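In my numbering, the protein residues as written are 2 to 96.
These aren't lab readings, by the way, just hints derived from the structure by calculation. One thing to keep in mind: the hints can contain errors.
Derived pair list, reagent style SDA-like, types lysine to any residue, alpha-carbon separation capped at 20 Å [what the hints assert, rightly or not]:
| no. | residue 1 | residue 2 |
| --- | --- | --- |
| 1 | Lys31 | Arg58 |
| 2 | Lys31 | Ser61 |
| 3 | Lys20 | Arg82 |
| 4 | Lys20 | His9 |
Label-pair ranges, simulated between beta-carbon atoms [as the list claims (entries may be wrong)]:
| no. | residue 1 | residue 2 | range |
| --- | --- | --- | --- |
| 5 | Asp14 | Gln49 | 16 to 24 Å |
| 6 | Val92 | Glu16 | 26 to 34 Å |
| 7 | Glu96 | Thr13 | 32 to 40 Å |
| 8 | Ala38 | Val66 | 19 to 27 Å |
| 9 | Gln45 | Pro72 | 29 to 37 Å |
| 10 | Val44 | Val92 | 13 to 21 Å |
| 11 | Phe36 | Thr95 | 19 to 27 Å |
| 12 | Glu93 | Ser71 | 15 to 23 Å |
| 13 | Ala67 | Glu47 | 27 to 35 Å |
| 14 | Asp14 | Thr95 | 32 to 40 Å |
| 15 | Thr13 | Gln76 | 16 to 24 Å |
Note that the coordinates shown come from a computational prediction; the quantities given were computed from them, not determined experimentally. Even for Gly, the Cβ is constructed at its ideal location relative to N, Cα and C.
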Amino acid sequence: MPALWIAHVTVTDAEAYGKYAELAGPAIAKHGGTFIARGGRYVQLEGQERPRNVVARFPSVEAAVACYNSPEYQQALNHARDASERELMVVETTE
Numbered sequence: 002m003p004a005l006w007i008a009h010v011t012v013t014d015a016e017a018y019g020k021y022a023e024l025a026g027p028a029i030a031k032h033g034g035t036f037i038a039r040g041g042r043y044v045q046l047e048g049q050e051r052p053r054n055v056v057a058r059f060p061s062v063e064a065a066v067a068c069y070n071s072p073e074y075q076q077a078l079n080h081a082r083d084a085s086e087r088e089l090m091v092v093e094t095t096e
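With the sequences and hints as input, model every part of the structure.
Shown next as structure tokens:
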């Protein structure tokens, strides 16, 4: 079943985070991920507000987790770790 990769992010260093975004996009695409939402308009109804929200669709939970653990994505993530505060989850969809 398909899965959604959902990230909620507060960027603290725009330059370093830009390098993350530059590398993360191709890593996500390589694993079958396609972006559904990427930093667009949102309304926070509950929980901690993060000004950047990203949703990518993957063929499966396993594909999304494999992407996260891949050398390409981990290289990108090295730029995001000290440049952002973030939560990331993968959720299986019903469609």
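Evaluation of the provided hints:
Proposed proximity of Lys31 and Arg58 is supported: the alpha carbons are some 13 Å apart, at most 20 Å. Of the supplied pair hints, the one linking Lys31 and Ser61 holds, its CA atoms being roughly 14 Å apart against a limit of 20 Å. Under the criterion of a C-alpha separation no larger than 20 Å, the hint pairing Lys20 with Arg82 is consistent with the structure, at around 12 Å. Taking the CA atoms of Lys20 and His9, the gap is about 18 Å. The hint holds against a cut of 20 Å.
Judged by the Cβ atoms, the range 16 to 24 Å given for Asp14 and Gln49 holds: they are separated by roughly 19 Å. The beta-carbon spacing between Val92 and Glu16, approximately 31 Å, falls within the hinted interval of 26 to 34 Å. For the pair Glu96 and Thr13, the supplied restraint of 32 to 40 Å holds, since their beta-carbon distance comes to about 35 Å. Our hint of 19 to 27 Å for Ala38 and Val66 holds, since their Cβ atoms are close to 20 Å apart.
At about 34 Å, the CB distance of Gln45 to Pro72 agrees with the hint of 29 to 37 Å. Checking the proposed 13 to 21 Å range against Val44 and Val92 shows it holds: the Cβ atoms sit about 19 Å from each other. A beta carbon spacing of about 20 Å between Phe36 and Thr95 agrees with the range 19 to 27 Å that was offered as a hint. Taking 15 to 23 Å as the suggested C-beta distance range, the pair Glu93 and Ser71 conforms, at roughly 20 Å.
Distance hint check for Ala67 and Glu47: the Cβ-Cβ separation is about 31 Å, which falls inside the suggested range of 27 to 35 Å. Roughly 37 Å separates the CB atoms of Asp14 and Thr95, a value that falls within the hinted 32 to 40 Å. One distance hint, 16 to 24 Å for the beta-carbon pair Thr13 and Gln76, holds here, with the actual separation near 20 Å.
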